[in-house]
Amino acid sequence: AMASVREVVRLGRNLRKREGHRVRQPLSRLTVITRDPSVADAVTTHASLISDELNVKEVTVSSEETAFVHLSAKANYRKLGPVLGSRMTHAATAIAGLSGDQIEELLAGGSTELFGQQITLDEILVERTPVEGTIVETGPKFACALDTTITRELKLEGLAREIVSKVQNMRRQAGLQVSDRIQLTWQAADDDVAVALDQYRDYIISEVLASELIRSSEVDGSDVEIDGHTIRLDVVKA
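Every position in the sequence shown, counted from 1, becomes a number in this note's numbering once 13 is added.
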């Protein structure tokens, strides 16, 4: 079970890296696509662990690939060529015309008859094109689909997490002890930053041990850049 969980986390990290999302930017959902009951059980049992490791709000399991990818097929000439001979060209055209549901049936272990020949998964090459807003990484035993849509709410939470990280760095640079409480003053003209600081005020205060979180028009601090947003922060021991 843990081997499956580790593989899910590996594929998920590859997806986040491919899309270029910051580690602290939460995403909405990772779906593990599998027909293996043992994998599905492992993912369901350890969903919270996977969620924490990949910074996603929800981890789900599905056996239906067509919800996340467009399936298409090509003929496996190495397998079918010697069997079909002159019929191979027509068979290849027919295989290319298989519907997503037909391909899913083959993926589930079924077969279909073409030109008097029972075609199984071994005789085709399956291609997967992710649906819009989703990226997919396929491993040896299952695939993972990551929802890459960043809602405003997710963006604001990501900003709050980045602010916490910046303040923690400032605490270390100031030589503060882990248990020292601070007064955190901030200035920003950016509406998103202001909303993030207001909406996640309690979270930020708790994470950085701030006794006060103050917005001011004059801040003798440092400007920090967070994903194109500028905020000035000042950290003083309380």
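To be clear, the hints were calculated from the coordinates, so they are not data collected in a lab.
Please note: incorrect hints may appear among the correct ones.
DSSO-like mimics (lysine-lysine), calculated; alpha carbons at most 30 Å apart, straight line [unchecked claim]:
id: 1; residue 1: Lys92; residue 2: Lys168
id: 2; residue 1: Lys92; residue 2: Lys30
id: 3; residue 1: Lys179; residue 2: Lys92
id: 4; residue 1: Lys250; residue 2: Lys179
id: 5; residue 1: Lys87; residue 2: Lys168
id: 6; residue 1: Lys30; residue 2: Lys168
id: 7; residue 1: Lys70; residue 2: Lys154
id: 8; residue 1: Lys87; residue 2: Lys179
Quick list of simulated restraints, FRET-style, between CB atoms [to be verified]:
id: 9; residue 1: Gly123; residue 2: Ser99; range: 23 to 33 Å
id: 10; residue 1: Asp240; residue 2: Gln190; range: 52 to 62 Å
id: 11; residue 1: Arg23; residue 2: Arg228; range: 23 to 33 Å
id: 12; residue 1: Leu167; residue 2: Gly122; range: 34 to 44 Å
id: 13; residue 1: Ser99; residue 2: Leu62; range: 21 to 31 Å
id: 14; residue 1: Arg100; residue 2: Ile163; range: 20 to 30 Å
id: 15; residue 1: Ala187; residue 2: Ser219; range: 18 to 28 Å
id: 16; residue 1: Arg100; residue 2: Thr73; range: 35 to 45 Å
id: 17; residue 1: Arg185; residue 2: Gly113; range: 28 to 38 Å
This structure is a prediction, so every number in the text was calculated from the model and none was measured.
In this text, a Cβ means the ideal position worked out from N, Cα and C, and glycines have one as well.
Going down the list of hints, with the structure as the test:
1. A hinted pair counts as satisfied when its Cα atoms are at most 30 Å apart, and lysine 92 with lysine 168 does not qualify at roughly 49 Å.
2. For a cut-off of 30 Å, the pair hint linking lysine 92 to lysine 30 is broken: about 36 Å separates their Cα positions.
3. For the given pair, lysine 179 sits about 57 Å from lysine 92 by alpha-carbon distance, which is inconsistent with the 30 Å threshold.
4. As the CA atoms of lysine 250 and lysine 179 are separated by approximately 16 Å, the hinted pair is consistent with the 30 Å bound.
5. Note on lysine 87 and lysine 168: the hinted pairing is violated, with a Cα-Cα distance of about 40 Å set against a maximum of 30 Å.
6. For a cut-off of 30 Å, the pair hint linking lysine 30 to lysine 168 stands: about 17 Å separates their Cα positions.
7. Under the criterion of a C-alpha separation no larger than 30 Å, the hint pairing lysine 70 with lysine 154 is consistent with the structure, at around 24 Å.
8. Using a Cα cut-off of 30 Å, the hinted pair lysine 87 and lysine 179 is violated, with the two alpha carbons roughly 50 Å apart.
9. The hint said 23 to 33 Å for the Cβ distance between glycine 123 and serine 99, and at roughly 27 Å that hint holds.
10. Checked against the hint of 52 to 62 Å, the C-beta distance between aspartate 240 and glutamine 190 comes to roughly 30 Å, which is inconsistent with it.
11. Judged by the Cβ atoms, the range 23 to 33 Å given for arginine 23 and arginine 228 is violated: they are separated by roughly 42 Å.
12. Checked against the given bound of 34 to 44 Å, the beta carbons of leucine 167 and glycine 122, roughly 38 Å apart, stay inside it.
13. Range check, serine 99 to leucine 62: about 55 Å between beta-carbon atoms, so the 21 to 31 Å window is missed.
14. Distance hint check: the CB atoms of arginine 100 and isoleucine 163 are about 50 Å apart, inconsistent with the given range 20 to 30 Å.
15. Evaluation of the 18 to 28 Å hint for alanine 187 and serine 219 yields a pass: the beta carbon distance comes to about 19 Å.
16. Separation of arginine 100 from threonine 73 is about 42 Å and conforms to the stated range, judged on CB atoms against 35 to 45 Å.
17. Separation of arginine 185 from glycine 113 is about 52 Å and departs from the stated range, judged on CB atoms against 28 to 38 Å.
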